[in-house]
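Visitor: With chain A's structure known, arrange chain B on it following the hints.
Residue numbers (the numbering used here), protein chains in the order written: chain A, 294 to 409; chain B, 873 to 986.
Hints in this document: simulated from the structure, not taken from any laboratory.
It cannot be assumed that every hint is accurate.
Stated by the list, open to error - Across the chosen pairs, the derived CB separations fall in these ranges:
| no. | chain 1 | residue 1 | chain 2 | residue 2 | range |
| --- | --- | --- | --- | --- | --- |
| 1 | B | Leu912 | A | Glu375 | 21 to 29 Å |
| 2 | B | Lys940 | A | Glu375 | 33 to 41 Å |
| 3 | A | Glu346 | B | Glu955 | 37 to 45 Å |
| 4 | A | Thr407 | B | Val926 | 39 to 47 Å |
| 5 | B | Arg933 | A | Thr397 | 16 to 24 Å |
| 6 | A | Gly321 | B | Gly913 | 22 to 30 Å |
| 7 | B | Ser968 | A | Leu360 | 38 to 46 Å |
Stated by the list, open to error - Residues of chain B clear of chain A, computed beta-carbon distances all greater than 12 Å:
| no. | residue |
| --- | --- |
| 8 | Asp921 |
| 9 | Asn939 |
| 10 | Thr941 |
Quantities reported herein were computed from a predicted structural model and do not represent experimental measurements.
Each residue gets a CB set at the ideal place from its N, CA and C atoms; glycine is no exception.
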Amino acid sequence: ETGVTQSPTHLIKTRGQQVTLRCSSQSGHNTVSWYQQALGQGPQFIFQYYREEENGRGNFPPRFSGLQFPNYSSELNVNALELDDSALYLCASSLVGGTGSGNTIYFGEGSWLTVV
Amino acid sequence: GENVEQHPSTLSVQEGDSAVIKCTYSDSASNYFPWYKQELGKRPQLIIDIRSNVGEKKDQRIAVTLNKTAKHFSLHITETQPEDSAVYFCAASIVSGGYQKVTFGTGTKLQVIP
Numbered sequence: 294e295t296g297v298t299q300s301p302t303h304l305i306k307t308r309g310q311q312v313t314l315r316c317s318s319q320s321g322h323n324t325v326s327w328y329q330q331a332l333g334q335g336p337q338f339i340f341q342y343y344r345e346e347e348n349g350r351g352n353f354p355p356r357f358s359g360l361q362f363p364n365y366s367s368e369l370n371v372n373a374l375e376l377d378d379s380a381l382y383l384c385a386s387s388l389v390g391g392t393g394s395g396n397t398i399y400f401g402e403g404s405w406l407t408v409v
Numbered sequence: 873g874e875n876v877e878q879h880p881s882t883l884s885v886q887e888g889d890s891a892v893i894k895c896t897y898s899d900s901a902s903n904y905f906p907w908y909k910q911e912l913g914k915r916p917q918l919i920i921d922i923r924s925n926v927g928e929k930k931d932q933r934i935a936v937t938l939n940k941t942a943k944h945f946s947l948h949i950t951e952t953q954p955e956d957s958a959v960y961f962c963a964a965s966i967v968s969g970g971y972q973k974v975t976f977g978t979g980t981k982l983q984v985i986p
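The shape of chain A in the complex, shown without the other chains (with noise of 0.2 Å):
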């Protein structure tokens, strides 16, 4: 087990709807990460939030916002959804800290969106 926590495991939701997904990091972790893997590809880079602040994003409209707590906990929103946003959503969390080599991240066993 990784320490990383995803909620809802699974949820089905309409077209135009918005979407609330939480991740709880690996206690000591300070970093979070939120990737999209669609069926039989790999996961995408959404964003990552360090110190409560997004300092990364990958190719992703704004309708894809995020938040980090003092917990370093994190929710990933999806406003106006779209049957393309179906997919597994995955948290990772890691520690990262200044300059030097990568840092392991740890992935969460993912929300599952289905969007009709």
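Guide: Relative to the frame of chain A, chain B by itself:
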């Protein structure tokens, strides 16, 4: 941005044989290269990783090699077992200050035939 290519997309081997998966990356600033195993319906699980100051790393039946000059890295699984069957993803990571972005390859579906 970083681009990671992974080959092959599918790989079938007989139990006991070796499997090799190869990846290339584009950004020479990448300095951390994890490999993940993902079983159907499950989260990606880290199986081994290598940092840019190391050329090779081994953990039991799994080994990873890194050639920074050529910007490619490979996963080697020896004495494959049916439970090794899964999708494997390579990834390249860039760290800058408090920011770490991980770019994944497209995955290799490994089937180990008993």
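Visitor: Against the earlier hints, flag every one the structure doesn't satisfy and list their numbers going up.
Guide: 7, 8
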